[in-house]
Structure formats: C-alpha cells, structure tokens
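Undergrad: Here is what each chain is made of, one letter per residue.
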Amino acid sequence: DGGITQSPKYLFRKEGQNVTLSCEQNLNHDAMYWYRQDPGQGLRLIYYSQIVNDFQKGDIAEGYSVSREKKESFPLTVTSAQKNPTAFYLCASSKRTGDGNSPLHFGNGTRLTVT
Amino acid sequence: AQSVTQPDIHITVSEGASLELRCNYSYGATPYLFWYVQSPGQGLQLLLKYFSGDTLVQGIKGFEAEFKRSQSSFNLRKPSVHWSDAAEYFCAVGAPMYSGGGADGLTFGKGTHLIIQP
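As they're listed, the protein sequences go chains F and P.
This note's numbering applies: residue 1 is where the first sequence begins, and numbers increase by one.
This note's numbering applies: residue 1001 is where the second sequence begins, and numbers increase by one.
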C-alpha cells in the first residue's frame, strides 16, 4: 500500500545539536509538506515543496531547513537556531499544491524532544 | 485569505450518543472543505471532503458532514459514537493560491478533542 513513512517515531537530542527527521512517500505525489504541531495550536506549516529541487518557506521556517533531491524524500533538519524545537512533527504529501482541493496524506509523525 | 474556526476545544459524549462537531469558515467564495481525524500520537487521516454538489457528504467510519453556505459552516456528525472515535478532529478549508489560499492550499482549524464516556 502507498503511504508516507516518517522516522524515527521518537527522537531525543541535546540542546545545540542539529537533528534530521526523515520523510519518504511512495504515492508519486509532487507536493510535500512539513508541519509542526503543539498542543492547542493546530498545525503550522514549516516548509513545503511543489517539485524536486524546489521548496518554499511556510509560516514558521526560522530554525529549520529542508531539501528535496528526490521526489520521494523530503527530510527536515531542525537546527540549533530553532529556539523551541520540542514538538510533534508531521510530514504530508498531496498530488499537487496551490489549487486548494488536493487532500493531504499524512505520515504518523515524529516526536522530537530536546533537553 | 480563508480562515477556520472550531469553537469547541473539547467535547465529551457518551458512547452510543450522537455527535456534532462544529466548523465555521471565512472565505469569499465556495471553499473546498475537509475533515481530518487524528488518533493520539498518529498522523491525520482524511474523513471526508466537500468540493461541490450535494451538500451532505458521507465519509469513512460512519461520519457525515453538511455544508451550509448561509451559515458558513461544515459541521461533522455521527449518529452513534464508539469509544474508538475518541481523537482530535480538524476541519480544514482549501482555496486556490490565486484567490488567497495558503501555500499548501489548506487552512486548518485548531482542532476539537473528542472524549467518549463509557
């Protein structure tokens, strides 16, 4: 079955270290996204990518970086510049972006804890 | 730009009782509307969507939602809830970027946490 795989499910890091979250999809979707979820704040868009080798900042991109070297993969790096990195991170994909009617398919998330 | 309001942060319902989760949106034209469900520690799963046509849409797991243009609402309903329905529910609105939609075309509400009492 097609889907989105995020790994690892839980991740622990010391403050000041960069950490990379993996996201892979086999749905043949063009668009991929990273969201951050904090209690009571819903989903906030970090970065999105409409096509390979292209990505755009979302609403809360500061302290994060991404790459899109392959259609299937969209890793997210949480850098030491992110002031409050502890959160639940969700990766999603859709057939396309920008037209508003492509449902998002989500991975099961990575819970990052930084101490 | 569009916006979504889910007025209820928490809702508690007895098992077997009916359920209605509220969603109000703001958008200048007819939007694309979605409901997603999130179980604890999991990603979001699409329950149903409305694009056009019949204003009552059926989804998975026995859920339905009704689009009411006059009230700018897209409330989610289920006739009889099961303990497994306990989860977080998100309403989302989609709009093309050329008309003010978000970068991902979807704007999410902050969610309603559903608690099922035995």
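Hints may be right or wrong, so weigh each one.
To be verified - Under the rule of at most 27 Å between Cα atoms (straight-line distance), these lysine-lysine pairs were calculated in the DSSO-like manner:
1. F:Lys57 with F:Lys9
2. P:Lys1049 with P:Lys1110
3. F:Lys14 with F:Lys57
4. F:Lys83 with F:Lys57
5. P:Lys1110 with F:Lys95
6. F:Lys14 with F:Lys71
7. P:Lys1061 with P:Lys1110
8. F:Lys83 with F:Lys9
9. P:Lys1061 with F:Lys57
10. P:Lys1068 with F:Lys9
11. F:Lys95 with F:Lys83
12. F:Lys83 with P:Lys1110
13. F:Lys95 with P:Lys1061
14. F:Lys70 with F:Lys57
15. P:Lys1061 with F:Lys83
16. F:Lys9 with P:Lys1061
To be verified - Here are a few chain P residues that sit away from chain F, every Cβ distance over 10 Å (derived from the structure):
17. Pro1007
18. Ile1009
19. Glu1015
20. Gly1016
21. Ser1018
22. Gln1042
23. Gln1045
24. Leu1046
25. Glu1066
26. Ser1072
27. Ser1080
28. His1082
Treat the hints as calculated values from the structure; they're not laboratory data.
Ideal placement from N, C-alpha and C gives every residue a C-beta, glycine not left out.
Undergrad: Hints first: check each against the structure and report whether it holds.
TA: So, going through the hints one by one against the coordinates:
At most 27 Å may separate the alpha-carbon atoms for a hinted pair to count; Lys57 (chain F) and Lys9 (chain F) meet this at roughly 24 Å. With a CA separation close to 18 Å, the supplied pair Lys1049 (chain P) and Lys1110 (chain P) stays within the 27 Å bound. Restraint check: the Cα-Cα separation between Lys14 (chain F) and Lys57 (chain F) comes to about 25 Å, which is no more than 27 Å; the hinted pair holds. At most 27 Å may separate the alpha-carbon atoms for a hinted pair to count; Lys83 (chain F) and Lys57 (chain F) meet this at roughly 17 Å.
Under the criterion of a C-alpha separation no larger than 27 Å, the hint pairing Lys1110 (chain P) with Lys95 (chain F) is consistent with the structure, at around 24 Å. Taking the CA atoms of Lys14 (chain F) and Lys71 (chain F), the gap is near 31 Å; set against the 27 Å cutoff, the hint is violated. A distance of roughly 22 Å separates the Cα atoms of Lys1061 (chain P) and Lys1110 (chain P); the hinted pair therefore holds under the 27 Å criterion. For the given pair, Lys83 (chain F) sits about 22 Å from Lys9 (chain F) by alpha-carbon distance, which is consistent with the 27 Å threshold.
About 35 Å separates the Cα atoms of Lys1061 (chain P) and Lys57 (chain F), which puts this hinted pair outside 27 Å; it is violated. Our distance criterion of 27 Å between C-alpha atoms is broken by Lys1068 (chain P) and Lys9 (chain F), whose separation comes to about 39 Å. For the given pair, Lys95 (chain F) sits about 33 Å from Lys83 (chain F) by alpha-carbon distance, which is inconsistent with the 27 Å threshold. The straight-line distance between the Cα atoms of Lys83 (chain F) and Lys1110 (chain P) is roughly 22 Å, inside the 27 Å bound, and the hint therefore holds.
A distance of roughly 24 Å separates the Cα atoms of Lys95 (chain F) and Lys1061 (chain P); the hinted pair therefore holds under the 27 Å criterion. This hinted pair checks out: Lys70 (chain F) and Lys57 (chain F) have alpha carbons roughly 18 Å apart, not beyond 27 Å. The suggested pairing of Lys1061 (chain P) with Lys83 (chain F) is violated, with an alpha-carbon distance near 40 Å, which exceeds 27 Å. For the hint linking Lys9 (chain F) to Lys1061 (chain P), the alpha-carbon distance of about 26 Å falls within 27 Å, and the restraint holds.
At the 10 Å boundary, the C-beta of Pro1007 (chain P) stays outside the reach of chain F, the nearest C-beta of that chain being 14 Å off. A beta-carbon of chain F comes within 10 Å of the beta-carbon of Ile1009 (chain P); the shortest separation is about 7 Å. No Cβ of chain F comes within 10 Å of the Cβ of Glu1015 (chain P); the nearest lies about 25 Å off, and the non-interface call holds. At roughly 29 Å from the closest C-beta of chain F, the C-beta of Gly1016 (chain P) stays outside 10 Å, upholding its exclusion from the interface.
Every Cβ of chain F is farther than 10 Å from the Cβ of Ser1018 (chain P); the closest lies at roughly 26 Å, confirming the non-interface assignment. Its closest Cβ contact with chain F, about 5 Å, brings Gln1042 (chain P) to no more than 10 Å, contrary to its assignment away from the interface. Taking the minimum C-beta to C-beta distance to chain F, about 7 Å, the non-interface status of Gln1045 (chain P) is violated against the 10 Å cut. At the 10 Å boundary, the C-beta of Leu1046 (chain P) falls inside the reach of chain F, the nearest C-beta of that chain being 5 Å off.
Residue-level check passed: Glu1066 (chain P) sits 19 Å from the nearest beta carbon of chain F, beyond 10 Å. At the 10 Å boundary, the C-beta of Ser1072 (chain P) stays outside the reach of chain F, the nearest C-beta of that chain being 16 Å off. Every CB of chain F is more than 10 Å from the CB of Ser1080 (chain P) (nearest about 26 Å), matching its label as outside the interface. For His1082 (chain P), the condition that its CB be more than 10 Å from all CB atoms of chain F holds, with the nearest at approximately 22 Å.
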